[in-house]
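Protein chains: 2
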Amino acid sequence: MTGIKDVAERAGLSVATVSRALSGKGSVSPASRARAQAAASELGFVLSYHASSLASGRTHNVGLVVPSVHRWFFSAVVEGASAALLEAGYDLTLYNIGENAAHRQSVFNDFLLRKRVDAVIAVSLELSENELRQLHAVHRPIVGIGGPLPGASTIRIDDTAIARQATNHLLGLGHTKIAHITGHEAYDQDFHLPGTRRTGFEKAMNDAGCPVRPEWIVSADFTIEGAYAAARQLLAGAPERPTAVFAASDEMAIGTILAARDFGLRVPDDISIMGIDGHDLGNVMGLTTIDQDAKGQGALAVRTLLGAITNGTPLVAADTQHPTRLVVRTSTAVPPADAN
Amino acid sequence: MTGIKDVAERAGLSVATVSRALSGKGSVSPASRARAQAAASELGFVLSYHASSLASGRTHNVGLVVPSVHRWFFSAVVEGASAALLEAGYDLTLYNIGENAAHRQSVFNDFLLRKRVDAVIAVSLELSENELRQLHAVHRPIVGIGGPLPGASTIRIDDTAIARQATNHLLGLGHTKIAHITGHEAYDQDFHLPGTRRTGFEKAMNDAGCPVRPEWIVSADFTIEGAYAAARQLLAGAPERPTAVFAASDEMAIGTILAARDFGLRVPDDISIMGIDGHDLGNVMGLTTIDQDAKGQGALAVRTLLGAITNGTPLVAADTQHPTRLVVRTSTAVPPADAN
DNA sequence: GCACAGTCTGGAAACGCTTACAGACGCCAT
DNA sequence: ATGGCGTCTGTAAGCGTTTCCAGACTGTGC
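Protein chains in written order, with this note's numbering: chain Z, 1 to 340; chain G, 1 to 340.
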């Protein structure tokens, strides 16, 4: 393996100068720099990542912890973060926690603590006190996306407010019989948002003087399939059918649309459906939604971290509100005439 | 920061013995081992990842290069690989190449070569000669998923055979007017599979004596949205409509189903549609498909690599065929009676 | 009682960089 | 000339482990 020593030899410089020339830190004469670079590229030399990290204390590596890359929102965040990191010359170590509790634990106990990342991004994870303490113990900046992380900087959207906005969109069209598809309660632990979105829904309904019917609040697991099943229940047996459904995520809204179609309900003529997210399928499905720019959130998290890393600023525990945008498509309309 | 030295001191042992005790390599008396472990846990000590890697040459880190985690197949592979790696105590460094050519280049030029990973998994990437040379230059085992990588071990499905099998399923039901949605030609460069699947389709058609109509072969970008648009063209203007569509991926099949519905076509009564993949939405959409177990492929790739790493066996350039499974659901049936 | 293999241990040399430090040099103002 | 300053460079001391090596100690077979 060719090392920096070989480069130095070939360039007729000292190891130190070569190191400075290649890293751009410290002053090096233009001539030396050119010689060093030439020698390096002639030898096909690349710095040893671990040696650099060990010597400098910088890993140029960010840990990203997500519940599951297989879900739309998370993979979008990963894409956004990944591109921003790549751009900055940082590596991305992915911790895909999955459903396995043991995996989750080992990520926190064994992986995250080994001083191998400069910073951590935790997506939609409600961390236990213990987990948080461990994270803080490594003294690395942490930013959370999509959920509050005590003591860490957070990027998120105002879930209550946008749930309200979404509900108001339906109310504004004249709907009063509005159902809500929320997340399973168990998810509140980890992802936190079902509760806040539901709250926004209920507030908006109350403000409008519309009753919130308990039987019209059903829960699913945030997937298309899960919501499809839940929506079938919602739309099938009820003595009375809602004229609109507000789902807590686009994936669940899409599941609802599919279920509605199965019942022969036309969207939006017979029933209006909307979600929250900005899912890629929104266009094809004609889904009205509130776009929360998941990629942008990933990228912003990276920029925030990188800023803290390079400035050496100890990341303040700030809460950044990410902008959202109501996108009206064809899945929502005024309620059918006969449904007063 | 507490180092191994502190642990040694506290345990009354030498650094060397502590290192052996904690790593489990070399012989250490049970008593010493216990003392070392106790001291380590009392101090909350964790090994420095970089120092270990530098000294041992093992990084315990695998690089995973994918076109985009945002796409179904790739994220499934990532999930499978991630779980297997976590289990084995390995980190996963994700290189999400994306559409940006500069990113792709920097991944190969700057990132992958830094002796940072013990092995590389490349998913559905047709690498250039240059890229491959660079990969081989780092002397790490490489496995490719979903595409042939000259000189590397590969895990994949027999695209031609399963495309044939899929087509035969439709032919077996009595269809003769079968359309095919393939990938854009440009994708052949990177992902390779549109061509092979199309070949399988054509072979099956030929063998059955059915004409392949050029106007019934349309291409899309492997996304639901893309196929939706392509399928609208296919199903709209034609003087004659196919009675079945075989899409080269489930996502494209789903797009086709959505397009068919928009035209008021009932699936499968008016038109049969099937894909390849084993997409999560398959169930909800009632999609007939050939399941290729993407997660399993990711996990298998990891097991293959880890075997090579631990044995020190220089991974032979073998081609492992991953099993697939025809899953018949409700999107395929015999052709409508009036369509002879 | 002795040689020998086997187990356990510590010292110290890597691993391949970064960076503090100090020296060498040129240049300017004095 | 002289001092001071800034730029450039090399020497060498880390960074925190792993692992080679040799030594110390056991127990065994003779």
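Heads up, some of the hints might be wrong.
No distinction is drawn between identical chains; accordingly, a pair holds when it is met within one copy or between any pair of copies.
Cut-off 30 Å, straight-line C-alpha distance, at most; resulting in silico cross-link-like pairs (DSS-like, lysine-lysine) [claimed, not checked]:
| # | residue 1 | residue 2 |
| --- | --- | --- |
| 1 | K295 | K5 |
| 2 | K25 | K115 |
| 3 | K295 | K203 |
| 4 | K177 | K203 |
| 5 | K25 | K295 |
| 6 | K295 | K177 |
| 7 | K177 | K5 |
| 8 | K5 | K203 |
Simulated from the structure, these hints should not be mistaken for lab results.
Going through the hints against the structure:
1. With identical chains, the CA atoms of K295 and K5 are never at most 30 Å apart, being 42 Å at best within one copy and 43 Å at best between copies.
2. Both within a single protomer and between protomers do K25 and K115 lie at most 30 Å apart by alpha-carbon distance, with minima of 23 Å and 22 Å respectively.
3. Taking the shortest alpha-carbon separations for K295 and K203, only the intra-copy value of 29 Å comes in at or below 30 Å, while the best inter-copy value is 42 Å.
4. Taking identical chains as interchangeable, the C-alpha atoms of K177 and K203 lie at most 30 Å apart only when both belong to the same chain, with a minimum of 15 Å there against 55 Å between chains.
5. In this assembly of identical chains, the alpha carbons of K25 and K295 never lie at most 30 Å apart, being 32 Å within a copy and 44 Å across copies at closest.
6. Taking CA atoms no more than 30 Å apart as the test, K295 paired with K177 passes in neither setting, with 34 Å inside one copy and 42 Å between copies.
7. Taking identical chains as interchangeable, the C-alpha atoms of K177 and K5 are never at most 30 Å apart, the minima being 75 Å within one chain and 68 Å between chains.
8. For a Cα distance limit of 30 Å, the shortest separation of K5 from K203 qualifies neither inside one copy, at 67 Å, nor across copies, at 58 Å.
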